[in-house]
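Produce the entire structure from the sequences given, and follow the hints as far as they go.
Protein chains: 2
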Amino acid sequence: MTTSRADLPVVVHRAGPASMAAQIAAQVRDAVTSGVLGTGERLPSTRDLAATLGVSRTVVTTAYAQLFAEGWLEGRHGSGTYVADVAPGLPAPAAPPLATAQPPAPAAPQGLSEQANGDLVDLRPGIPWAAGIEPAMWRRAWRHAGKCQPSSWPDPHGLPELRAELARYLRRSRGLNVTPAHVLVTRGVSSGLVLLAAALVRPGDRVGVEEPGYPSAREVLRRAGAQVVPCRVDAHGIVPGELPADLRLLYTTPAHQYPLGGRLPVGRRQALTAWARATGAVVVEDDYDSEFRYDVGPLPALYSMDPDVIVYLGTASKTLTPALGTGWLVASPALSARLAGMRAGLADRVPEPVQHALLALLTSGDLERHIRRMRLEYARRRAAIVDALTRPGVPGTFRVLGDTAGMHVVLELAGHPAQRVVADAAERGVTVFPLDRYFAGPPAIDGLILGYGAASLPKVRRGASVLRDLLARIPV
Amino acid sequence: MTTSRADLPVVVHRAGPASMAAQIAAQVRDAVTSGVLGTGERLPSTRDLAATLGVSRTVVTTAYAQLFAEGWLEGRHGSGTYVADVAPGLPAPAAPPLATAQPPAPAAPQGLSEQANGDLVDLRPGIPWAAGIEPAMWRRAWRHAGKCQPSSWPDPHGLPELRAELARYLRRSRGLNVTPAHVLVTRGVSSGLVLLAAALVRPGDRVGVEEPGYPSAREVLRRAGAQVVPCRVDAHGIVPGELPADLRLLYTTPAHQYPLGGRLPVGRRQALTAWARATGAVVVEDDYDSEFRYDVGPLPALYSMDPDVIVYLGTASKTLTPALGTGWLVASPALSARLAGMRAGLADRVPEPVQHALLALLTSGDLERHIRRMRLEYARRRAAIVDALTRPGVPGTFRVLGDTAGMHVVLELAGHPAQRVVADAAERGVTVFPLDRYFAGPPAIDGLILGYGAASLPKVRRGASVLRDLLARIPV
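Protein chains in written order, with the numbering used here: chain H, 1 to 476; chain R, 1 to 476.
These are computed hints drawn from the structure, not numbers from a lab.
Be careful, since some hints might not be right.
[To be verified] Which stretches of chain H does chain R cover? Using the computed rule of at least three CB atoms under 8 Å from a CB of chain R, they are: (1) 150-162; (2) 184-193; (3) 351-364.
Keep in mind the model is a prediction, meaning the values are calculated, not measured.
By construction, the Cβ of each residue, glycine as well, lies at the ideal position given by its N, Cα and C atoms.
Right, dumping it as structure tokens:
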């Protein structure tokens with residue numbers, strides 16, 4: 001059933017076009033979340049709404065594009081714009097939407113009573129939404145795995161049929177032009193890095209890791225005997241012009257820098273591959289959450305620009321669950337074969353039933369359906385956090401960093417001690433991490449990393465509200 | 001249906017009691033294999049058979065005990081001795097039993113035609129019988145796994161309920177007195193060793209590995225930066241009196257030395273733990289195939305003698321399949337907790353569904369039933385190889401080494417080049433490995449390692465027959 005809503009409950013305060021588009025988008029989000037706008041309801045055309053609000057049509061088009069990308073709206077060919085279906089299997093929002101006034105948190109020892117209620121808000125990063133995995137989908141995958149007898153001598157590259165399916169998946173989702181011979185099934189990003197370090201890095205070799213960057217990457221490389229060199233990133237990601245010429249390998253996250261959230265622009269990508277060509281370094285591209293962008297599509301993988309000098313790592317740990325312990329590595333067939341030959345000596349083996357289950361999730365389309373549902377869910381949670389932390393009352397020096405993507409935001413605290421906020425939030429039942437653990441050296445940014453994978457939308461809202469209150473009280 | 005066989009088709013040539021017992025056992029085996037004795041048939045009592053054959057009752061009792069242990073016979077309480085049931089799901093013997101004369105292999109390029117027939121005999125070691133895994137058991141385990149939603153934040157120790165079940169399993173099967181806090185779920189023996197090395201070994205530390213010994217253990221320790229010291233073993237296992245005083249860690253296989261097959265006697269076990277106490281070394285006990293003994297029960301695990309200085313490693317890779325990629329580590333609760341804390345930085349994670357599947361296999365009794373069936377199957381294959389290689393015609397200098405246990409035998413070639421036999425066997429379609437790869441230094445024994453996990457009983461027979469022919473032609 002589709003009904004058209006000419007009376008969209010939106011008002012716009014005069015401002016620049018971007019700000020007005022954001023106002024419209026925020027109010028449509030709130031209207032959907034609070035039930036004022038229902039699934040399948042048709043929105044006014046951009047022309048009509050622009051006329052009603054007295055703004056330019058570009059402002060409305062921009063707002064709609066954002067809401068499309070976040071998954072709130074869907075288009076039907078030739079027939080307009082509609083409120084998208086709420087993803088099945090996800091818990092419906094139980095808390096009142098943020099837009100309505102919320103009672104202030106009681107001053108009593110809230111943290112304790114929340115704990116007693118099992119009501120903690122977990123904003124730790126890197127944890128996908130386990131409850132979002134549809135039980136029927138999960139059962140199907142493992143039922144399939146149980147039907148496959150184990151091989152006597154498992155192929156150290158991974159199951160051939162899974163490698164073929166991964167090559168197809170990477171072609172359609174990331175534009176990689178690869179064959180099964182390029183693909184190794186791994187136990188995830190870190191295990192891929194262990195393997196690469198064993199093959200490419202000799203004790204004492206200098207290897208680069210983004211600063212700030214993924215702590216496990218640093219640890220894996222350090223354990224392989226490498227000397228880890230922190231390589232500065234800014235809001236756009238790694239800075240190629242500052243890279244030393246003597247690195248054996250560079251670990252980088254061009255799609256969505258971890259943790260700061262920048263997307264490496266094309267010019268830097270060219271400079272990065274040129275640097276690798278010139279110095280003989282291998283660039284390891286960790287594409288850990290390219291599946292989750294909520295504004296524009298991701299750029300093609302760096303790997304496509306120069307497969308000779310880049311090794312690509314992907315994982316199901318973010319799209320699905322780290323409990324699966326599976327990922328993939330893409331390199332030249334020669335390097336892939338060499339890595340496969342080293343696995344026995346590294347105790348590096350992906351259980352075959354896990355590979356069969358992943359194969360079933362890919363061939364059935366279940367994994368991609370799951371990713372689409374999660375994209376919508378995470379976009380909502382992200383919007384809830386960002387909305388709360390950019391409202392009037394929060395000092396403007398506390399900035400939200402990073403692209404509209406992924407499963408976390410970074411909040412820059414501009415000199416205010418992060419540990420203090422972490423402790424205050426914990427007292428109110430909200431678990432957040434400081435940013436300093438992502439730095440190998442002295443932190444260049446004080447801040448928090450706020451993950452929204454582990455907590456439901458209502459809990460994310462509550463956590464964001466607690467943080468907003470804490471921040472609003474800080475004298476700046 | 002049970003019928004009694006008074007007319008057991010056995011003759012005994014006069015010899016010592018042990019030899020006469022072995023003659024009886026061999027003929028009963030052949031009678032069962034060839035169908036002369038059927039499942040459920042009742043054997044004469046030891047008293048009757050001893051009288052019939054004119055031997056002492058001890059001779060017959062010894063023969064029966066051996067056949068019991070190997071799984072050929074079963075007793076029913078108070079009602080005698082019967083031919084055991086052939087394990088369901090195992091292929092029935094298709095080839096004529098070895099006891100009957102076999103036509104010599106044609107001189108034509110046999111290897112090629114066998115290859116064309118997909119008829120190679122794979123006697124590589126370390127591969128359990130994948131086809132022996134009952135499809136229904138496997139399906140049940142993974143169906144259960146599929147019903148368990150993944151956790152958001154998997155416990156790095158392993159699933160608590162699996163650790164509790166493993167503690168019970170290790171208590172009843174190996175007599176270990178442990179709690180769940182002692183147990184870590186691992187990805188297998190090698191991954192347990194990676195973890196221990198990361199926790200206990202600093203670069204340059206000296207660590208001991210049996211010589212000959214498990215090549216992956218050497219490689220894992222070497223990659224951790226250790227200096228690997230070969231420690232001599234003899235027919236009984238490691239020689240504690242020769243161990244240096246400056247080892248940080250010693251990797252050993254006391255239940256069934258890998259690959260030579262000795263079982264460490266009690267005196268040496270005491271000497272070994274005393275050495276560890278005196279020097280401060282940690283002894284790592286790899287109990288990789290203690291489940292498969294075909295004569296007498298295994299000794300209790302070394303771990304039980306002195307839990308303070310011993311870490312115990314077990315695996316499902318031999319009892320079930322390496323495709324599962326799962327094992328367990330038993331250490332003090334403090335060390336286990338410390339190891340668990342290091343796993344993230346080592347990319348060391350056991351997929352949760354795999355843990356749920358193993359839990360289902362343990363709680364249902366399916367794993368132990370499977371082990372019992374495989375014990376019978378491997379005992380038969382072992383007997384087939386040992387029979388073939390100890391018959392008249394094979395030079396007496398070619399000795400079969402090792403206890404009646406496990407999934408392989410070592411054939412000592414006493415100076416004859418192993419590579420030559422490997423090549424000749426390969427030409428006839430039989431894959432065997434030389435023993436030299438188990439030595440870090442110059443091989444002290446020339447020989448072959450013959451695994452019987454990967455090939456069916458008929459194929460094992462054929463492979464053993466090919467080897468016997470090859471050996472019989474060697475001038476000594």
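Could you work out which of the previously given hints the structure breaks and list their numbers from low to high? none
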